[in-house]
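Protein chains: 6
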Amino acid sequence: MIRPNVETFIGCESSFEEASVVLYGAPFDSTTSFRPGARFGPSAMRHESFGLETYSPYQDRDLMDIRVFDSGDLELCFGSSEMALLDIEKRAKEILKADKLPLLLGGEHLVTLGAVRAVFEKYPDLHIIHFDAHADLRDDYLGARLSHACVLRRCHDLLGDNRIHQFCIRSGEREEFQFARSHTDFHPFAFDGLKETVRELKEIKAPVYFTIDLDCLDPSAFPGTGTPEAGGVSFLALLDAIRTVSQTNIVGADVNELAPMLDVSGVSTATACKVLRELLLAITE
Amino acid sequence: MIRPNVETFIGCESSFEEASVVLYGAPFDSTTSFRPGARFGPSAMRHESFGLETYSPYQDRDLMDIRVFDSGDLELCFGSSEMALLDIEKRAKEILKADKLPLLLGGEHLVTLGAVRAVFEKYPDLHIIHFDAHADLRDDYLGARLSHACVLRRCHDLLGDNRIHQFCIRSGEREEFQFARSHTDFHPFAFDGLKETVRELKEIKAPVYFTIDLDCLDPSAFPGTGTPEAGGVSFLALLDAIRTVSQTNIVGADVNELAPMLDVSGVSTATACKVLRELLLAITE
Amino acid sequence: MIRPNVETFIGCESSFEEASVVLYGAPFDSTTSFRPGARFGPSAMRHESFGLETYSPYQDRDLMDIRVFDSGDLELCFGSSEMALLDIEKRAKEILKADKLPLLLGGEHLVTLGAVRAVFEKYPDLHIIHFDAHADLRDDYLGARLSHACVLRRCHDLLGDNRIHQFCIRSGEREEFQFARSHTDFHPFAFDGLKETVRELKEIKAPVYFTIDLDCLDPSAFPGTGTPEAGGVSFLALLDAIRTVSQTNIVGADVNELAPMLDVSGVSTATACKVLRELLLAITE
Amino acid sequence: MIRPNVETFIGCESSFEEASVVLYGAPFDSTTSFRPGARFGPSAMRHESFGLETYSPYQDRDLMDIRVFDSGDLELCFGSSEMALLDIEKRAKEILKADKLPLLLGGEHLVTLGAVRAVFEKYPDLHIIHFDAHADLRDDYLGARLSHACVLRRCHDLLGDNRIHQFCIRSGEREEFQFARSHTDFHPFAFDGLKETVRELKEIKAPVYFTIDLDCLDPSAFPGTGTPEAGGVSFLALLDAIRTVSQTNIVGADVNELAPMLDVSGVSTATACKVLRELLLAITE
Amino acid sequence: MIRPNVETFIGCESSFEEASVVLYGAPFDSTTSFRPGARFGPSAMRHESFGLETYSPYQDRDLMDIRVFDSGDLELCFGSSEMALLDIEKRAKEILKADKLPLLLGGEHLVTLGAVRAVFEKYPDLHIIHFDAHADLRDDYLGARLSHACVLRRCHDLLGDNRIHQFCIRSGEREEFQFARSHTDFHPFAFDGLKETVRELKEIKAPVYFTIDLDCLDPSAFPGTGTPEAGGVSFLALLDAIRTVSQTNIVGADVNELAPMLDVSGVSTATACKVLRELLLAITE
Amino acid sequence: MIRPNVETFIGCESSFEEASVVLYGAPFDSTTSFRPGARFGPSAMRHESFGLETYSPYQDRDLMDIRVFDSGDLELCFGSSEMALLDIEKRAKEILKADKLPLLLGGEHLVTLGAVRAVFEKYPDLHIIHFDAHADLRDDYLGARLSHACVLRRCHDLLGDNRIHQFCIRSGEREEFQFARSHTDFHPFAFDGLKETVRELKEIKAPVYFTIDLDCLDPSAFPGTGTPEAGGVSFLALLDAIRTVSQTNIVGADVNELAPMLDVSGVSTATACKVLRELLLAITE
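Protein chains in written order, with my numbering: chain B, 116 to 400; chain F, 116 to 400; chain L, 116 to 400; chain E, 116 to 400; chain P, 116 to 400; chain U, 116 to 400.
So here's chain B without its partners, still in its complex pose:
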């Protein structure tokens, strides 16, 4: 019997029904202000994942042991942020309704807003843990309030003060840094303070949305992204941080901002795949 060509992230071959985690891709980058191409991130990760092993020697766990369903990429409207966000939110809600964890593959960082809207509806006491080089806290960007540069500000509109926990931030306007110091749990440059934040979130049993902008990594480790920022964290530091965060009650997550057109050596895509593998293994433990 000859079968059609099903392409999933490696080892994510569970059925929807059996799965505890559902991958969904948001190939969108219309508001990217510098170098576009993050739209191709999720399909590149799926495609190049066959160069990755399913086994993690870091966690001594294997993707073959867990149950993940890959629902592929949404077909999103380019040029209308609101329409794209609605489609993302709708898919996230379907997944949540089936009591599975939605794991979004971006795309530019704005896509997070669609997912957060859905998760926040289900978990009004939601916290967000945010790894990123950029604060993403502008109120608008050249007039647009739905922009990758504003996405955490829009999340703040929903969640309010002290519910967003930011790490690795090393770029933004002065106003964003000032806003962060007043309104978010702000940890610039690296992961200092992460363990304490996680301890507190565990204590209050907070539901957590975990968003990883891959440009939190140093450009030496992850050059393939639209706005690289020197001075980031190493892969091993990120890996350690992911395992720390996974001790909280994660109810939604995303990995975003891989731009394969800028990843000429393929190293960034391979690293993104490895981050996703480790994230999947950590949150299903």
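If you're looking for bench data, these hints aren't it; they were derived computationally from the structure.
Certain hints may be false.
Said to hold, decoys possible - What follows is a set of in silico ranges between Cβ atoms, one per label pair, in the way DEER data are often shown: (1) P:D255 - B:S130: 26 to 36 Å; (2) F:R260 - L:G308: 50 to 60 Å; (3) E:K237 - B:G275: 37 to 47 Å; (4) E:S130 - P:E128: 50 to 60 Å; (5) P:D255 - L:R260: 20 to 30 Å; (6) P:Q293 - E:R296: 51 to 61 Å; (7) F:R260 - U:D355: 26 to 36 Å; (8) F:R182 - E:S130: 20 to 30 Å; (9) L:R260 - U:D355: 35 to 45 Å; (10) L:M179 - F:D355: 31 to 41 Å; (11) E:E311 - P:Q293: 19 to 29 Å.
Beta carbons: idealized from backbone N, C-alpha and C, even for Gly.
With chain B's structure known, arrange chains F, L, E, P and U on it following the hints.
For chains F, L, E, P and U alone, coordinates are given in the frame of chain B:
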């Protein structure tokens, strides 16, 4: 006296007041559905133009002999097509009001709509001559009516039947080709019929907006574009066609869809510069 | 209902049962002697095909009107040509047994041998029409008789004299050209003589295997291949030749030697997709 | 009012009169012996700087708070090192005469010599702090004494022993290392000893020319340079060292050896921009 | 007198007779399962080595002081692993017979097996020190037992338990890690334990074959390889480890898995050259 | 017996004594005003030539039948045009003295001047046939009289009027075109008039220096060059023209301006190799 760094397309150093043609760039590609990057087209052309001579041996004319002002790139909002189009339209109107010819550098092809709106307001009997690989006649694209794939359809909404003259078209949905055969002056694949079209437009003294999607060129001559389509015209054929069109009463024009990120050898940018030089020399004759 | 991520060549979404043509990919390039990477050809074509329209204005036909099933890529053993060829042959036989036309996507040109073995078993009076820059008629290459440089010679071992019709050949050892002049129907450089060859094959109602090495195209049109050879045919000439060949009784076919790693602008992959679309539409007419 | 296209490094929009620092670019690489292209460094930095924020969270300072004038690139003669150096020297003198700090953007490292000649004329007790992977202390290179490989040796001809302070050096001929140990304040491999050197220079209130060859960075952080040398310093170490050096009396500076043609991911250009921003903010404190 | 063009790795210009070390290249990558191109590694290293100094400031030694002969690349059969391995083994034996140390430049890692067979014949008590990101301990890969993914397993077939010392390993199937823990001296992730291993090998005066898969380096330092694995060691750590290993009795060695087609910035080739220089200087001390 | 690694252009393995043609490379591009890198042209051609067959089906001749010696690349001083030209002239004279034909591989076009000086000394009635996109007839370029943009003007200084025959020229200042029309045998754009020129040169038995700037080819066929100019000739037209010119008494020749760094697909290097093969076969007939 040390001067600041003014960067113009080579030879376009006239003042605004003296100029008969004004260049303006629209670094926008948010609705691009396949491979983005046309936003960088106008700045790349300006930047790489210093590898080009100002003299054209084809026309025995020199950019130093004519008067062109380069107003640089507009600062456009990514993620909102309507806001971007309004800014383009506004700039075109300013130029038209000063009785100069607005020459737009794209950007994706949707930017043409902003310019056409401005030119059509001044010249209600406007015709459009359109060189392109793609018909761009969809009524909507994944729900968006303001999309590069719909731009000539939106122009048709303004101008009505038989006022759009299309050449080189070799890609589209069946419905677009059917629409074209009923509603536009349609010449697929190459420049067959161009001379007759031009003769007729000269007879009726029609004002003409001339839009060149550089992907009308064969990908061998112009690989650096988002959606290359094999089977296009040669550079020399395009050059000849530009000189033919320049016999009409051109009141506005654009050159678009160079995507420098895809132009790894630099050949496409160099060719785009040469097309622009020849266009400037032809329309000012 | 959320579905898994099925990825096919655009418009090839028929079920196996309904299909008249079945695509199968052979991601193999182990014997490539110069620059490898053709292994990634079939998946790149599938992946990038979404930048292509399903409608052909050249033939006024649409992939949506025909029935093609895409069975994805075989999982082939690298480093053993014989094992890889057996797997290809096996898949071709399955398709032939179901009375469907097997259309192979390479991979390096050696993969053709697996398909030809299967087709030849069913059609002992088989002819081969071969478009290629290279004669591929060596008896061995550095000791290996199963090499891309020998593949038509191995086909000749099966079919014998005057059953292989070669076009566009412009590279090889002197001995290969001498062999060709004695043993094949040999048309160097271009498509001269193709119409007559096709007329004769139609007269004798010969079953035809049609193998297209995409490097028959000029490198200007198709740079993304392991061994580019200046002086090839244009895309439009190839398109015309495909439609001519499609008048014969084609019982198997392949398209090979796209090397996406060398296709930095993406133009070659886009062109390969367009060749495949036109081939599918022509052979199902 | 439509203005012409002025392009400066981001945030460097002061007038010449008001500025305390003046940027000038030297797009020259004619003596580069390995891989050329540093000529495009200054324009690439200017062009890509719009992807950078003007605010530095490291120093809590903003380019909008200081006064820098960007005079663009000199038009230098390729093929004659002496003519190019004279033009650089002339520009540096103009800037020094107006009592502003000349900050040169290279170009290959030889351009430093033009600037040092001008600064040395004004400050005969000049010291040089030199960050580089390469010693650049050859007496000649294939017969040329004006070569990037000789530039610090030529500076030594002017300044004499113990006035050149070298850091990060990890490549050179044995003779260069021997010369360095006898004639310069030599700190191979990293920044060991920098604090003490700076303390001594502060004590004697020495005027300092600060030259940063960006290849002092490890190639993982800065691949886009002609002669990458594994084993360099990290971005954060460089940032720290820049702030240390800025405690001295800096009277001239340069940043050189970015080769954008080799920076396919754009990471090196982005990093060079960030180095320049931090340097500007540090020296104007 | 005009001489022909002899191209060697820089400074390796000794005659065969005088040499104590002989370089030989194995341009083979037919079993590479992910991204091929390692075949071009040895010639790229030779070609780009002229950008490297012959002097090492790390060891204060110079290639001009030692005697190395570069015998160029073998002409290997693509598509037949066994034939290629025989040719490699034959060349290694010739070199060993002349009492010189064979230093192989790969190519994919499978080439090591040819060299180890030759060295093992001469030194039956051979140990292997193995630096690699991948365990390479599969018993077969898609049916092939001669595969890059199996090469250390094949070496284990020869040498047996506890004679293979593995470092930096961070990727493999669970079964490979289990095999390693039972059958090899296994040090995952980094160089922990290397000093002790070396001390023991010195004590027993074991002859050592030293194989360096360059992907042991972190992808930030070495992106140009077929299967990059985040989380590797730094260049300086590798340099230190090489000097440690060189205290043992090294009787054969190789450096492999540079894939120049993936090394768009040239940094990986430059780093591979530097690794080879340091290795040559260390083992001849 | 193990031999060192001799690397020649494929099939050019004759000894100096036996050879009738001697290749010599001039890896120089210091005066290139736009994009450098032609310095790597000759070594890239040598290196990539192993992807080419030695047999030409166009001429039914084989490099194995003729006697060519490849003397490798000169070691030229970067940054001093005059020193580089002297070294080239010296080598050309050595070859001429041995009554062999010097065939120079550039490098930028200025290198031709060194060879022409040598050939002109031996043949004072020398003519030059010049294929190029650019006139190269400036009297100086930014003050330099030894520049690629002036090279034919410098040759005119030696030879005087009507001894330089220019073809394919399509770029230059107005003054260059005016100079050409008065002082050279000038054929812009293509090869019109070549047959007549050749007939006349045969009649007067003129010794001919034949210089091919590969950018005479259209950028679609030859993108890998510093200053590509749309509107050039095809490979087959160039091949035909070479065979026409080879009917004259060629006493020196060169092929120049391949810039491998810009040849990302490798197509330009492959084409340059094919041009050289055909030139070698044509001039030795």
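Against the structure, the hints come out as follows:
For the pair D255 of chain P and S130 of chain B, the supplied restraint of 26 to 36 Å holds, since their beta-carbon distance comes to about 30 Å. A hinted range of 50 to 60 Å holds for the C-beta pair R260 of chain F and G308 of chain L, which are about 51 Å apart. A beta carbon spacing of about 58 Å between K237 of chain E and G275 of chain B contradicts the range 37 to 47 Å that was offered as a hint. Evaluation of the 50 to 60 Å hint for S130 of chain E and E128 of chain P yields a pass: the beta carbon distance comes to about 59 Å.
Against the hinted window of 20 to 30 Å, the Cβ-Cβ separation of D255 of chain P and R260 of chain L comes to about 25 Å, which satisfies the hint. For Q293 of chain P paired with R296 of chain E, a C-beta distance near 53 Å keeps the hint of 51 to 61 Å intact. About 52 Å separates the C-beta atoms of R260 of chain F and D355 of chain U, a value inconsistent with the hinted range of 26 to 36 Å. Evaluation of the 20 to 30 Å hint for R182 of chain F and S130 of chain E yields a pass: the beta carbon distance comes to about 28 Å.
The given range of 35 to 45 Å is respected by R260 of chain L and D355 of chain U, whose C-beta atoms sit roughly 38 Å from each other. The hint said 31 to 41 Å for the Cβ distance between M179 of chain L and D355 of chain F, and at roughly 37 Å that hint holds. A hinted range of 19 to 29 Å is violated for the C-beta pair E311 of chain E and Q293 of chain P, which are about 53 Å apart.
When held up to the earlier numbered hints, the structure conflicts with 3, 7 and 11 and fits the remainder.
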